[in-house]
Amino acid sequence: MIPEIGQFALIVALCVGLVQALVPLAGSSLGIQRWVAVAVPAALAQLLFVGISYACLTFAFLSHDFSVLYVAKNSNTELPLIYRISGVWGSHEGSLLLWALVLALWSGAVAVFTPSVPRVMRARVLAVLGLVSCGFLLFIIATSNPFERLLPAAVEGTDLNPLLQDIGLALHPPMLYLGYVGFSVAFAFAIAALISGQVDSAWARWARPWTNIAWLFLTLGIALGSWWAYYELGWGGWWFWDPVENASFMPWLIGTALMHSLAITEKRGTFKAWTALLAIFAFALSLLGTFLVRSGVLTSVHAFASDPSRGVFILGFLVVVVGGSLALYAWRAPLLKSAASTRLLSRDGMLLLNNAFLTVVTAAILLGTLYPIAIDAMGGKISVGPPYFNLMFISITAPLGVLIGIGMLIRWKQDSLQRLTSRLRIPALAVLLVSLGLTLALPQWQWGAYLGIAMALWISVTAAMALYERFRHRALMSALRSTPAGFYGMLLGHLGIAVFIIGITLTSLYTSEKDLRMAPGDTYTVAGYEFTFHGVRDFNVANYVATRGGFSVRSVDGGYRTEMFPEKRVYRVQNNPMTEAAIDAGIARDLFIALGEPLDNQGAWAVRIYYKPFIRWIWLGAIIMSIGGLVAASDRRYRRLVRSRSPAREAAEQPS
Amino acid sequence: MTPARKKRLALILLMVGGVATGVGFALKSLDQNIMFFFTPTEVVNGEAPTNKLFRVGGMVVAGSVERPGDGLTVRFDLTDNEQSVTVRYAGILPDLFREGQGIIANGKLDGSGDFIAEEVLAKHDENYMPPELAGMHSEQGAQQ
Chain A
1 MIPEIGQFAL
11 IVALCVGLVQ
21 ALVPLAGSSL
31 GIQRWVAVAV
41 PAALAQLLFV
51 GISYACLTFA
61 FLSHDFSVLY
71 VAKNSNTELP
81 LIYRISGVWG
91 SHEGSLLLWA
101 LVLALWSGAV
111 AVFTPSVPRV
121 MRARVLAVLG
131 LVSCGFLLFI
141 IATSNPFERL
151 LPAAVEGTDL
161 NPLLQDIGLA
171 LHPPMLYLGY
181 VGFSVAFAFA
191 IAALISGQVD
201 SAWARWARPW
211 TNIAWLFLTL
221 GIALGSWWAY
231 YELGWGGWWF
241 WDPVENASFM
251 PWLIGTALMH
261 SLAITEKRGT
271 FKAWTALLAI
281 FAFALSLLGT
291 FLVRSGVLTS
301 VHAFASDPSR
311 GVFILGFLVV
321 VVGGSLALYA
331 WRAPLLKSAA
341 STRLLSRDGM
351 LLLNNAFLTV
361 VTAAILLGTL
371 YPIAIDAMGG
381 KISVGPPYFN
391 LMFISITAPL
401 GVLIGIGMLI
411 RWKQDSLQRL
421 TSRLRIPALA
431 VLLVSLGLTL
441 ALPQWQWGAY
451 LGIAMALWIS
461 VTAAMALYER
471 FRHRALMSAL
481 RSTPAGFYGM
491 LLGHLGIAVF
501 IIGITLTSLY
511 TSEKDLRMAP
521 GDTYTVAGYE
531 FTFHGVRDFN
541 VANYVATRGG
551 FSVRSVDGGY
561 RTEMFPEKRV
571 YRVQNNPMTE
581 AAIDAGIARD
591 LFIALGEPLD
601 NQGAWAVRIY
611 YKPFIRWIWL
621 GAIIMSIGGL
631 VAASDRRYRR
641 LVRSRSPARE
651 AAEQPS
Chain B
657 MTPARKKRLA
667 LILLMVGGVA
677 TGVGFALKSL
687 DQNIMFFFTP
697 TEVVNGEAPT
707 NKLFRVGGMV
717 VAGSVERPGD
727 GLTVRFDLTD
737 NEQSVTVRYA
747 GILPDLFREG
757 QGIIANGKLD
767 GSGDFIAEEV
777 LAKHDENYMP
787 PELAGMHSEQ
797 GAQQ
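Chains as they are written, first to last, in this note's numbering: chain A, 1 to 656; chain B, 657 to 800.
Take these hints with a grain of salt, some might be off.
Here are the simulated DSS-like cross-link-like pairs (lysine-lysine), alpha carbons at most 30 Å apart as the crow flies [stated by the list, open to error]: (1) Lys-708/B x Lys-514/A; (2) Lys-413/A x Lys-662/B; (3) Lys-381/A x Lys-663/B; (4) Lys-337/A x Lys-662/B; (5) Lys-337/A x Lys-663/B; (6) Lys-381/A x Lys-662/B; (7) Lys-514/A x Lys-413/A; (8) Lys-381/A x Lys-764/B; (9) Lys-764/B x Lys-514/A; (10) Lys-413/A x Lys-663/B; (11) Lys-764/B x Lys-684/B; (12) Lys-708/B x Lys-764/B; (13) Lys-684/B x Lys-708/B.
Everything labelled a hint here was simulated from the structure, so no lab data went into it.
Computed from a predicted structure; not experimentally measured.
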């Protein structure tokens with residue numbers, strides 16, 4: 001009974017979605033206020049019904065209702081409670097339902113938390129979100145019904161994929177979806193603005209906090225996925241340029257560009273058409289990501305059941321959404337004239353360059369990701385290796401590191417080269433010298449390390465200078481009061497990048513890795529640590545059997561000792577082996593041991609040992625970036641109940 | 657042409673030149689970094705390059721996995737049910753590597769026709785079939 005209620009609620013939600021989409025849209029064009037007023041209650045009703053549907057599926061998991069096919073395939077009576085809750089999104093159907101729920105949550109949030117947005121604009125935004133929601137609900141109902149019954153009911157479920165029985169991966173999809181789907185809000189704002197012809201500072205101010213929050217969730221989602229891959233897959237890698245990773249990274253890059261472009265549109269009233277286009281692309285890339293993941297057209301470490309009919313549906317949806325919005329854009333964009341021109345030597349110009357670099361690097365990644373599909377269509381089978389992506393990414397984004405520093409200190413509108421060079425000469429020289437010293441202190445000289453350290457230092461030093469400049473001429477209290485949260489958010493975001501750069505540079509260049517054969521009693525030294533193997537023992541745990549290896553580790557100078565216990569697990573129901581690496585984490589280095597397989601009958605094992613310097617800084621950087629996004633989104637000016645203001649007053653009020 | 661137009665033309669030419677260089681650079685680097693995929697039959701027929709990295713995919717032949725010597729080296733046969741190729745690999749195999757399982761290996765051919773793998777990939781999901789192997793319906797695959 002409960003599953004039928006879930007399915008029924010889903011159908012009701014689709015009907016409500018149609019109302020949410022069509023009535024306010026018609027009302028706003030025809031000027032009928034009562035129709036416009038439908039948007040908010042419809043969005044909330046949509047949230048209610050999708051929520052009911054989601055709750056029903058969760059209930060089926062909690063109550064072990066194996067008469068529901070999806071539950072029978074993804075759960076088991078022995079599955080711990082937390083993974084029964086996260087199991088709801090453990091496979092295709094449920095994760096789409098989660099997607100629909102997240103979209104409904106975002107729509108509900110827009111309905112409730114936009115008091116400063118005019119009613120007609122809000123109604124249009126909600127209508128666009130309603131259209132997107134209809135597309136997804138139709139997709140779920142037509143191709144991926146999570147409530148499908150299994151008759152007769154299974155006695156026992158076939159268990160959740162063991163790889164997903166992990167807290168990192170339990171949280172990864174909701175975070176990622178909050179980000180992906182969150183860009184639909186920026187998209188809806190752009191479409192609504194194109195319909196009304198109003199893209200201005202006020203519009204940018206409405207769209208900014210939503211974009212920031214979507215972006216911070218996407219940042220956290222990607223970081224969680226990377227962290228999970230690091231400790232769970234047993235390869236010790238944190239990024240593989242896998243198509244599915246790229247699918248989440250491309251919207252992140254364009255979303256980052258969008259945040260910066262919104263800053264110019266809000267501040268200077270320029271780049272309007274470009275900002276609207278970026279909002280469309282950010283969401284289009286999110287949809288493309290869904291298509292790539294769900295259709296299985298690409299070889300990926302992410303194994304998802306591929307179903308051509310589903311792929312065709314999403315592809316069709318993608319074509320409709322992108323085609324429709326680009327047609328609207330082509331029709332309306334000429335209306336969006338910029339209020340002023342842009343000079344290169346200004347903060348506007350720096351933000352423009354930021355956008356150019358981010359767009360180009362996204363295009364390069366898109367090319368590498370889609371190239372195999374294009375070749376496949378012509379009958380060849382190829383894959384594009386990580387060297388391509390590394391080369392493209394590093395060479396295109398390296399100038400961005402320099403630009404971040406200049407961008408924080410340069411003035412809006414116009415600046416003089418003389419002023420800039422005289423201010424930046426000494427800091428730049430200092431950064432180059434200090435980085436030289438730091439790089440020489442590393443085990444061996446690497447140009448890449450010098451470059452990375454210099455970049456990170458440069459960003460940190462210029463951030464400190466920007467902070468100093470704000471506080472220099474004012475009393476501390478008044479400076480604290482007048483400095484908007486957005487400024488601190490910007491500093492944090494950029495410092496996060498600096499920390500991240502240190503992490504990737506040192507990890508990539510100074511990792512020591514050994515694949516070994518170790519018999520009990522063997523000792524091996526890696527990067528100044530002695531690893532001694534003491535053999536393995538078997539343990540019975542919850543729903544798996546663990547073969548646990550014992551290692552004692554001591555640093556060669558004797559100052560550090562620890563024990564590490566990597567495991568090989570076999571989950572009883574699916575009978576899949578899983579590597580559970582042992583990680584001794586630290587701020588400056590991780591030690592990592594993974595068990596391979598037994599090599600003979602005398603207890604020798606294949607063992608993989610890593611020494612990974614500064615790897616934590618990668619995720620630490622991402623966390624700092626997301627905190628920056630949160631701080632920026634909390635800026636007071638987004639919550640003011642002001643409908644529209646003159647650009648002059650805005651310029652006076654806003655910080656530079 | 658007025659000076660303003662001249663300046664604009666120069667700017668446009670510069671941009672076009674920049675974009676063209678960028679695209680050319682990207683395509684060249686793409687060209688150097690793509691890996692072609694071959695089936696064991698194609699490898700046996702000599703269609704695969706001898707001195708270049710490529711991918712080979714197929715089913716691990718049941719009973720063919722052995723470890724010569726006492727190191728980490730493992731040797732197994734990979735088949736598409738018509739021909740098979742011997743793969744040698746020194747390193748740790750992925751969790752889902754099993755006999756009868758579809759896998760993909762990256763590497764090169766050595767002089768004797770053995771494939772020296774630098775990396776062996778198996779998929780997360782045992783029901784998953786890499787698109788490259790789709791259509792290769794094997795009896796071994798069906799037995800799983």
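Evaluated hints:
Note on Lys-708/B and Lys-514/A: the hinted pairing holds, with a Cα-Cα distance of about 25 Å set against a maximum of 30 Å. The suggested pairing of Lys-413/A with Lys-662/B holds, with an alpha-carbon distance near 25 Å, which does not exceed 30 Å. Restraint check: the Cα-Cα separation between Lys-381/A and Lys-663/B comes to about 46 Å, which exceeds 30 Å; the hinted pair is violated. Distance hint between Lys-337/A and Lys-662/B is fulfilled; the C-alpha atoms sit about 24 Å from each other, no more than 30 Å.
For a cut-off of 30 Å, the pair hint linking Lys-337/A to Lys-663/B stands: about 23 Å separates their Cα positions. Proposed proximity of Lys-381/A and Lys-662/B is contradicted: the alpha carbons are some 47 Å apart, above 30 Å. Restraint check for Lys-514/A and Lys-413/A: the C-alpha separation of about 54 Å exceeds 30 Å, so the hint is violated. Pair hint Lys-381/A plus Lys-764/B holds up; C-alpha atoms about 17 Å apart against a cutoff of 30 Å.
Straight-line distance between C-alpha atoms of Lys-764/B and Lys-514/A comes to about 22 Å, which keeps the hinted pair within the 30 Å bound. Restraint check for Lys-413/A and Lys-663/B: the C-alpha separation of about 21 Å stays at or below 30 Å, so the hint holds. Of the pairs offered as hints, the one joining Lys-764/B and Lys-684/B holds, with about 22 Å between alpha carbons and a cut-off of 30 Å not exceeded. For the given pair, Lys-708/B sits about 6 Å from Lys-764/B by alpha-carbon distance, which is consistent with the 30 Å threshold.
Note on Lys-684/B and Lys-708/B: the hinted pairing holds, with a Cα-Cα distance of about 16 Å set against a maximum of 30 Å.
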